[in-house]
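**Student:** For reference, the chains in residue letters:
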Amino acid sequence: MALAETETAIKPRPRAAVGQDVRDTFPKLLLENARVRGQRPAIREKDYGIWQSWSWAEVARETQDFALGLAALGFKRGDKLGVIGDNRPRLYWAITAAQCLGGVPVPVYQDAVAAEMEYVLDHAEVRFVVAENQEQVDKVLSVRERLPRLEGIIYCDPRGLRHYDQAPLTRFTDVQEKGRAFAKDHPGYLEAEIAQGGGADVAIILYTSGTTGQPKGVMLTFDNIILMARSGIEFEGLRQDDEVLAYLPMAWVGDNVFSFAQSYCAGFCVSCPESGATVMTDLRELGPTYFFAPPRIWENILTQVMIRMEDAGALKRWLFRSFMSLARRIGGKILDGEPVSIRDRLIYSIGRVLIYGPLKNTLGFSRIRIAYTAGEAIGPDIFNFYRSLGINIKQLYGMTECSVFLCIQPDREVRADTVGTPVAGVELKIAEDGEVLYKSPGVFAGYFKNPQATAETKRPDGWVHSGDAGFLDDAHHLHIIDRAKDVGKLENGTLFAPKFLENKLKFFPYIREAVAFAPGRPYVTVFINIDAEAAGDWAERHGITYGGYQELASLDPVYDLVAGCVEQVNRDLAQEPHLAGSQIHRFLILHKELDADDGELTRTRKVRRRFIGERFRPLIDALYSSRERAEIATEVTFEDGRKGTIKAELKIRDAATAPIPATVEPLRRAS
Amino acid sequence: MTPAKRIGEVLLHADDISLSFGGVRALTDISLEIREHEILAIIGPNGAGKTSMLNVINGFYHPQEGTITYKGATRRRMRPHQAAEQGIARTFQNVALFRGMTTLDNIMTGRLLRMRSNFLWQAVYYGTALKEELEHREHAERIIDFLEIEAIRKTPVGQLPYGLQKRVELGRALAMEPELLLLDEPMAGMNVEEKEDMCRFILDVNDEFGTTIALIEHDMGVVMDISDRVAVLDYGRKIADGPPDAVRANQDVIDAYLGVAHGA
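Read top to bottom, the protein sequences are chains A and B.
First residue of the first sequence? That's 1 in the numbering used here, and the numbers climb one at a time after it.
First residue of the second sequence? That's 1 in the numbering used here, and the numbers climb one at a time after it.
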């Protein structure tokens, strides 16, 4: 297909990139799977309370019928097919069906509002949409008038759609029916279309939500995805009897690789949950062997466990506490194959029967061989909790533009603070300014209809700019510290990564938010927001009384507690060669919780650093003076929308910094 | 997208119903028709006799005067179980579920009337009983899917929030595959989102299964939105009956709701 040539300046790579392999597209892989393992389950969906499954042979048939039906509707090579909905077998089939005809599937985030969908469907020049249900159909219909290229909407679930007669709506199964009729009149049509496809064709366009501006359509070729999927399969030894739960958005590159591409390449079965609300139950029933979740989900699961343990009887609580403290000490070591005393090993195996096994079973993690976390930093406590139970959770690093991964942590080299080593075929380099640059077979063909953005990311020298700042340690493990544009430097040129510091602070339960300042200043200072619940609970247990958040935040014992956290972070930082110079010298605890209503956080609870810097300017000035107190009056918005002013006098504390070991040389940037 | 409604013949006809408890007159000479496939809302101020009217329809109360004609058969007294056997299902103003049982089991109880095999066979759980159980379970699962309550399938209903309990109750009524569904304040005590969900389910039930629905509701917005016809009761009498817009404009209804200044 000529997309890559006409739309961007990027030349397609040679066709033989997947070796001389004839299985260089997903439609070809599907046929291969139908032949080699036709009777094995390919995909499952829980429906009407039962796991309904389709074998590879059945999936091939369903997909071909749908592809032929699309052809009957007039869908041609180069056309785009929008795919909108939760993870459903039919939607996965639609993706392959479009690829059969040389078309390009464009999955859209199912929770996007109509206006966001409009942008993607319009920009991608989508001709047909496959929508899961009435909800999605309604959204598309509401913007249909502004989508002149959109010709038809195909829906899977007919419920509530019976009376939508004036719209160009067709039911999925009716399209398949059309396909079967079309096949009779056009024998050999589909086989010829599939044979025309090649590895260098664009396989899919995935839209990424940029932090600024409109989303960009990342074009990935079959070679990109298949090569990366295969190197993941080899790296982890994935097999056809692995089990995966597909529950993350289909429009996200990870789902496309882990629940689609790797399933096609390794032949394992993918299961779709009954609904978004049943994921945890379905997870438990299924017991996947290969599982992916962002840190937020790992954290939620852990919180659930802890809350339920609090409600358990005294004996169970005691057992849990004692065995978990053993697991924390040695569980990770056992997983990493490090030496552990026979006595500990023995007690650990008792724990496996009494606590670890049943707990993993309750969570649906009994069979997990490989689990991934990625997307953002994960708290070491959360990470180590799962590892101590014997769950092989690892971090990986990557993005849509490189077909999901660049780095994965190899077994036995798993640590909470790195994102692993480059996988086969990936080259990494750290730029002068700390930005991570890479070359990889997974590097995208270009942004759809956006050559300028493509050129900014894919530079002429062959290196792709990730936008993240990081460094490689002695063991060639990559550490990601922040977004490259947020990384600043102190007055003396020392590297400073605000998010890295803030995350370290936020990993303490007592600290809810932290905002670090430094650029152009002599040292680093932070604002702390305490966690009202955790800190309040701590105060209660220590017999400290307080009247409200503001008072709690100003108490000396609370300051001592937070100072302990800050100093621990400083000690950790002292060990980091690149960031040892950015230890925290002074901090204060804010008198109010940072709030999205006041514009201090985004709606997704990300700190709006610059805004906070302006709003609390007097406090920052005080942090960079020798004063021990600072006064501030801030306007706040109450829950009912009224505005008021809070005046407060805040204490400022100095934090002890840790000495930097002689072997660690702070990285100075040439200024 | 307006559904091509196919409102049919009169399904149930109440003639001159009068009901009193001792000296208290709850209903006076009420005549009411419910047509096939329609959504009829019965509204009125507190104590107007709305719930009494539903209780008369499904045979829980026996009116002193008047008759009920249901599917062509006229009778003075109908017992609740007869009503149920003939396809009249209902939900209650206060949730009346088996609190200790799961959502699935509660819905399965709605299938009891349709089970053929006797209790001994079911205890053995073999042969026809097993086959039948599977069929009923499948039906229950369709309702669970329809009402989007998969996530609480195995949760005891006592642990569920109120809005979901209401939905389970609707599910149990649907399990009977009723022709006429009586809903007593299906949206009472719900927040806006729960109300919207419930409205959608009521409309879908009406649309997908063609079930005739008579409901009591206080939220005028809901009533005007979803019903085909509205009957207004006040002090045990019917003061208006017609399409929502006509009823909204009716002076008697306005007086009954806003109060009328006596002697003015």
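Watch out, some of these pointers could steer you wrong.
[As the list claims (entries may be wrong)] Ranges between beta-carbon positions, derived for each pair: (1) B/M224 <-> A/Y119: 54 to 62 Å; (2) B/H62 <-> A/Q304: 38 to 46 Å; (3) B/E208 <-> A/M306: 26 to 34 Å; (4) B/M220 <-> A/K485: 20 to 28 Å; (5) B/D204 <-> A/A277: 12 to 20 Å; (6) A/M280 <-> B/N118: 53 to 61 Å; (7) B/V124 <-> A/E234: 51 to 59 Å; (8) A/Q304 <-> B/M224: 53 to 61 Å; (9) B/E148 <-> A/D241: 26 to 34 Å; (10) A/G547 <-> B/R25: 55 to 63 Å.
In short, the hints are calculated from the structure, not lab data.
Note that CB positions come from ideal geometry on N, CA and C, so glycine has one too.
**Student:** Compare the structure with each hint and give your call.
**Tutor:** Okay, the hints, checked on the actual structure:
| no. | hint | result |
| --- | --- | --- |
| 1 | B/M224 <-> A/Y119: 54 to 62 Å | 36 Å, violated |
| 2 | B/H62 <-> A/Q304: 38 to 46 Å | 52 Å, violated |
| 3 | B/E208 <-> A/M306: 26 to 34 Å | 43 Å, violated |
| 4 | B/M220 <-> A/K485: 20 to 28 Å | 54 Å, violated |
| 5 | B/D204 <-> A/A277: 12 to 20 Å | 19 Å, holds |
| 6 | A/M280 <-> B/N118: 53 to 61 Å | 39 Å, violated |
| 7 | B/V124 <-> A/E234: 51 to 59 Å | 54 Å, holds |
| 8 | A/Q304 <-> B/M224: 53 to 61 Å | 43 Å, violated |
| 9 | B/E148 <-> A/D241: 26 to 34 Å | 33 Å, holds |
| 10 | A/G547 <-> B/R25: 55 to 63 Å | 58 Å, holds |
Comparing the model with each numbered hint stated earlier shows that hints 1, 2, 3, 4, 6, 8 do not hold.
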